[in-house]
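Protein chains in written order, with this note's numbering: chain A, 5 to 366; chain B, 5 to 366; chain C, 5 to 366.
I should point out that these hints are in silico values taken from the structure, not numbers from a laboratory. Here the structure is a predicted model, which is why all the values come from computation and not from measurement. Ideal Cβ placement from N, Cα and C applies to all residues, glycine included. Among the hints, a few may not be true.
Stated by the list, open to error - Partial selection, computed: residues in chain A whose CB lies under 8 Å from chain C:
1) V72
2) L75
3) G77
4) V159
5) H327
Said to hold, decoys possible - Listing some non-contacts, in silico: residues in chain B with all C-beta distances to chain C over 12 Å:
6) G26
7) I50
8) S73
9) A100
10) A110
11) D119
12) V164
13) A217
14) D238
15) V241
16) A298
Stated by the list, open to error - SDA-like, lysine to any residue: derived pairs with alpha carbons at most 20 Å apart:
17) A:K326 to B:H151
18) C:K326 to B:R336
19) A:K200 to C:R269
20) C:K319 to A:M290
21) C:K326 to A:M290
22) B:K319 to C:R269
23) C:K326 to A:L95
24) C:K200 to B:A100
25) A:K200 to C:R30
26) C:K200 to B:A298
27) B:K319 to C:E157
28) A:K200 to A:G155
29) A:K200 to C:A298
30) A:K200 to C:A58
31) B:K319 to C:V313
32) C:K200 to B:R336
33) B:K200 to A:T228
34) A:K200 to C:V159
35) B:K319 to A:T347
36) C:K200 to B:E156
37) C:K200 to B:A91
38) C:K319 to B:P99
39) A:K326 to B:K326
40) B:K319 to B:R336
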Amino acid sequence: MGAPAGFTLGELAAALRATLEGDPGRRVTGVAPLETAGPEQVSFLIDARYRASAEASRAGALLVAEDVSGLRGPLLRSTTPQQALIALLTLFHPPASLSPGIHPSAVVASDARIDPSASIGALAVIGADAVIGPRVRVHPLVYVGPHVEVGEESVLHPRVVLGEGVRLGCRVVVQPGAVIGGDGFGYAFDGSAHRKIPQVGVVVIEDDVDIGANTTIDRATLGTTLIRRGTKIDNLVQVGHNVEIGEHSIIVAQVGISGSCRLGRGVVAAGQVGFADHLTIGDGAMLGAQAGVAADIPPGERRLGTPAVPMGQAKRVFAAQKHLPDMARRLRAAERRLERLETRLGIAPSQTRASGVVDDQA
Amino acid sequence: MGAPAGFTLGELAAALRATLEGDPGRRVTGVAPLETAGPEQVSFLIDARYRASAEASRAGALLVAEDVSGLRGPLLRSTTPQQALIALLTLFHPPASLSPGIHPSAVVASDARIDPSASIGALAVIGADAVIGPRVRVHPLVYVGPHVEVGEESVLHPRVVLGEGVRLGCRVVVQPGAVIGGDGFGYAFDGSAHRKIPQVGVVVIEDDVDIGANTTIDRATLGTTLIRRGTKIDNLVQVGHNVEIGEHSIIVAQVGISGSCRLGRGVVAAGQVGFADHLTIGDGAMLGAQAGVAADIPPGERRLGTPAVPMGQAKRVFAAQKHLPDMARRLRAAERRLERLETRLGIAPSQTRASGVVDDQA
Amino acid sequence: MGAPAGFTLGELAAALRATLEGDPGRRVTGVAPLETAGPEQVSFLIDARYRASAEASRAGALLVAEDVSGLRGPLLRSTTPQQALIALLTLFHPPASLSPGIHPSAVVASDARIDPSASIGALAVIGADAVIGPRVRVHPLVYVGPHVEVGEESVLHPRVVLGEGVRLGCRVVVQPGAVIGGDGFGYAFDGSAHRKIPQVGVVVIEDDVDIGANTTIDRATLGTTLIRRGTKIDNLVQVGHNVEIGEHSIIVAQVGISGSCRLGRGVVAAGQVGFADHLTIGDGAMLGAQAGVAADIPPGERRLGTPAVPMGQAKRVFAAQKHLPDMARRLRAAERRLERLETRLGIAPSQTRASGVVDDQA
């Protein structure tokens with residue numbers, strides 16, 4: 005059994021706990037997208053937007069949800085198709101096996117404690133008193149600073165930086181180039197120059213957190229910048245000093261979270277959202293892409309826009325603002341009509357245009 | 005001939021295919037900006053905004069467009085002044101010569117195939133089965149993962165990461181810190197936690213693509229994230245999994261492109277633009293800075309704003325929205341005038357204020 | 005004396021030039037946030053938002069401003085509490101001492117000039133003809149390109165890249181992953197492809213500048229990209245080619261500054277602000293978060309919004325735009341009321357609705 009030889013559809017159905025419609029003896033050797041899959045590959049239809057591609061696909065079998073109809077087989081039907089897809093991809097693309105040990109080119113402090121089952125890649129640097137747990141994978145060119153702790157089965161992809169004293173839980177995955185534990189951005193102006201406030205706190209990343217490529221998470225000024233367990237952070241995200249993000253939150257690419265914000269559990273922030281400092285964002289709050297958040301948000305609220313307002317309201321504002329130039333024109337016309345009516349009825353002229361605001365004739 | 009000795013204006017005119025107005029025997033030894041150039045340096049006026057600086061410049065000669073008038077010489081007139089500028093800068097600043105070979109501190113997998121004409125810098129890491137083509141320049145501290153292919157004359161600046169299986173065409177230039185082939189951001193919530201969807205696809209970068217510093221391009225979930233030939237990507241750009249960008253597009257700094265977007269040929273996205281996922285952006289579409297794109301865009305369209313609307317409309321909206329507070333005030337006044345008129349004419353009071361919306365007295 | 009043994013409150017009062025209310029012989033061994041500080045630790049109340057936490061704190065002493073009242077002691081009162089906080093944090097967390105010398109794993113060009121008091125970390129690369137000044141700290145995995153100069157007491161955190169010819173003044177601090185001196189984003193379309201304009205200028209960073217993690221500062225096309233002394237730049241900021249930033253400015257995370265912008269002295273740009281190219285931003289101008297700046301800004305002006313307008317106006321627009329859908333509805337109602345009045349008075353129907361714009365019934 006294995007990727008070259010592939011799997012029979014019967015084997016896949018068993019492994020994915022799926023119901024097979026088709027020949028259980030038929031063999032597939034890989035997973036491929038709907039458009040490129042051939043008869044010897046399995047593909048999947050989970051997002052209904054790809055229905056047409058599924059109908060046209062030459063794939064040897066399709067993983068689908070239980071209630072999908074009208075597709076010709078073979079089909080692997082799952083009640084939890086996304087989880088089945090994870091299992092399917094893992095079957096055909098098992099994680100690379102770990103080669104325990106320290107690459108001879110790595111530079112490891114004499115008092116660092118590296119678990120014998122961990123793998124330290126080429127040209128990695130492990131600082132004084134650092135602790136690298138069991139089955140941790142440190143890829144090449146990673147920097148692990150002094151007094152850092154990395155919990156078991158965590159993965160540091162190439163060129164990650166963990167600054168002094170940063171603590172990672174278990175199964176934390178950090179994509180390439182992320183910087184955890186850079187200094188927070190804190191200054192006090194003394195009348196002639198900005199004097200740096202020493203950033204002497206740490207960063208704690210709990211279990212099962214993922215952190216994206218080139219993302220930056222600053223250490224606390226004092227105390228802890230904290231990412232709670234299960235939270236997933238995308239690429240190029242900025243997390244300021246003393247921020248706390250609750251469990252199982254989702255922070256999409258290029259989001260910026262200013263210092264001392266507290267995000268609750270299960271918060272979702274879409275791409276390029278910005279949070280002002282010292283905000284409290286309630287459990288389960290959702291922020292639409294590019295939202296600018298300048299005030300606290302209660303639990304469960306959905307917000308969009310700059311400044312962020314409730315999502316339904318934001319969509320109505322977005323729909324209305326397209327017509328603003330027309331509204332401005334119509335308002336001017338209404339004022340002229342009012343003047344005409346007032347003149348006809350002998351009512352004294354109104355003072356409402358006396359504000360001195362220049363009216364833009366857009 | 006060379007930078008120290010410089011060039012005569014006659015030599016420059018020939019090399020740039022420019023028409024010289026001035027002494028062909030006069031010698032210049034370098035290129036400099038208008039403000040700092042001295043009599044022994046050549047400068048240029050291509051952007052008309054710098055006309056005044058050109059008039060005040062002490063430069064020994066100016067490269068200008070064919071139709072520029074009123075500047076005292078010497079002048080090098082070109083019908084394609086931007087191309088001539090490229091030639092001029094290249095003459096005085098030829099690319100550093102390549103020293104083929106592998107620096108002894110680099111860590112190269114035994115089965116990697118490095119072309120003998122390629123240069124592998126200090127402390128670079130080249131993974132198993134990687135292929136580095138002719139005259140490729142791998143700068144120090146670069147990570148090239150297993151099974152990566154890099155086409156001829158490509159340049160990987162210091163600290164670039166190419167993840168497993170990434171393929172680069174010829175003459176691709178990657179600025180420092182860029183990460184190509186980090187995992188895409190894909191999770192399925194299983195009711196208690198976000199489970200990662202394995203990201204087992206690749207990234208393919210075609211010929212003549214440039215990629216900016218600290219930019220991140222994620223590998224496909226399955227299949228390929230594809231940047232077609234000639235496209236130029238600036239710094240700190242996020243390209244999500246399974247994105248496809250067409251030929252000769254321009255993606256300016258801090259743009260975010262969500263997963264599975266398809267951008268056409270010759271698309272231009274200005275700084276900080278955000279694209280929602282699964283969008284189709286037509287050939288030649290242009291997006292103004294900070295635009296938020298939430299819907300497909302037909303070919304050739306210009307869009308601006310959040311959500312993005314046609315550029316002319318967006319500019320009218322921008323112009324009108326400045327007057328919104330005044331419009332709100334005038335609308336209230338108009339309603340009062342209507343009430344007065346209705347009262348005068350004995351018309352029943354209107355119900356239009358009964359919505360319960362609190363009217364902000366901004 | 006030192007962190008383990010701590011300090012008496014009397015010693016702290018003297019060191020911070022603070023007035024002590026409490027027992028000068030009482031000893032504290034560390035600084036901690038209000039919430040976690042115990043009786044053997046000192047904490048601080050500088051931001052009035054934390055008043056309640058201060059009242060509830062178990063800290064052994066509090067550093068406060070001179071005029072704070074109602075807190076039970078012991079108190080260290082300071083006329084400059086932020087400066088006193090800097091002193092306090094520095095007392096308990098003195099910077100790590102410098103170990104001069106070059107780590108044996110570093111790769112240093114034979115003609116680089118490294119001051120004997122400088123520290124070059126593991127696996128750092130120092131290019132040809134580079135000059136590293138006294139007491140400079142080059143952390144591991146840093147790349148210093150050819151002809152770079154780094155002034156005394158500067159700190160290059162792990163994995164910083166300084167491209168060829170970059171010059172840093174004294175006491176410059178660069179956080180991990182920052183790239184200074186990548187190529188600017190300049191192309192000329194020749195009718196079939198974007199041809200790169202060689203970027204042959206440099207970057208000059210003056211004294212006392214701080215640069216954030218994974219920030220990118222591009223070299224000039226020709227001439228100099230210049231960051232003047234005392235300016236502080238946060239994480240993930242993009243500074244384009246030929247930009248100039250004046251002294252003591254503050255550039256917050258994820259700001260993007262397009263090519264050839266000139267920012268004055270003491271400019272403050274909040275998070276995610278974007279500047280179009282070639283703008284002049286006057287001394288002391290302030291830009292609110294996410295502002296989109298498309299035009300020059302006079303000195304001292306405060307701007308917000310996209311496009312940026314004066315801050316007070318932007319706030320009025322933000323307040324008004326929430327009511328846009330209601331305004332649209334009320335405007336339609338006013339038009340109906342006008343029609344009714346006009347009909348009653350026998351006035352000819354108005355032409356103001358004839359624009360053909362579809363009125364969105366949001």
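Hints versus structure:
no. : hint             : result
1   : V72              : violated (35 Å)
2   : L75              : violated (39 Å)
3   : G77              : violated (46 Å)
4   : V159             : violated (18 Å)
5   : H327             : holds (6 Å)
6   : G26              : holds (21 Å)
7   : I50              : violated (9 Å)
8   : S73              : holds (23 Å)
9   : A100             : violated (8 Å)
10  : A110             : violated (10 Å)
11  : D119             : holds (23 Å)
12  : V164             : violated (10 Å)
13  : A217             : violated (4 Å)
14  : D238             : violated (4 Å)
15  : V241             : violated (10 Å)
16  : A298             : holds (16 Å)
17  : A:K326 to B:H151 : violated (50 Å)
18  : C:K326 to B:R336 : holds (16 Å)
19  : A:K200 to C:R269 : holds (18 Å)
20  : C:K319 to A:M290 : violated (24 Å)
21  : C:K326 to A:M290 : holds (19 Å)
22  : B:K319 to C:R269 : violated (31 Å)
23  : C:K326 to A:L95  : violated (51 Å)
24  : C:K200 to B:A100 : holds (16 Å)
25  : A:K200 to C:R30  : violated (28 Å)
26  : C:K200 to B:A298 : violated (31 Å)
27  : B:K319 to C:E157 : violated (49 Å)
28  : A:K200 to A:G155 : violated (32 Å)
29  : A:K200 to C:A298 : violated (31 Å)
30  : A:K200 to C:A58  : violated (23 Å)
31  : B:K319 to C:V313 : holds (14 Å)
32  : C:K200 to B:R336 : violated (56 Å)
33  : B:K200 to A:T228 : violated (27 Å)
34  : A:K200 to C:V159 : holds (14 Å)
35  : B:K319 to A:T347 : violated (36 Å)
36  : C:K200 to B:E156 : holds (18 Å)
37  : C:K200 to B:A91  : holds (10 Å)
38  : C:K319 to B:P99  : violated (51 Å)
39  : A:K326 to B:K326 : holds (14 Å)
40  : B:K319 to B:R336 : violated (26 Å)
Violated hints for the displayed structure, listed by number in ascending order: 1, 2, 3, 4, 7, 9, 10, 12, 13, 14, 15, 17, 20, 22, 23, 25, 26, 27, 28, 29, 30, 32, 33, 35, 38 and 40.
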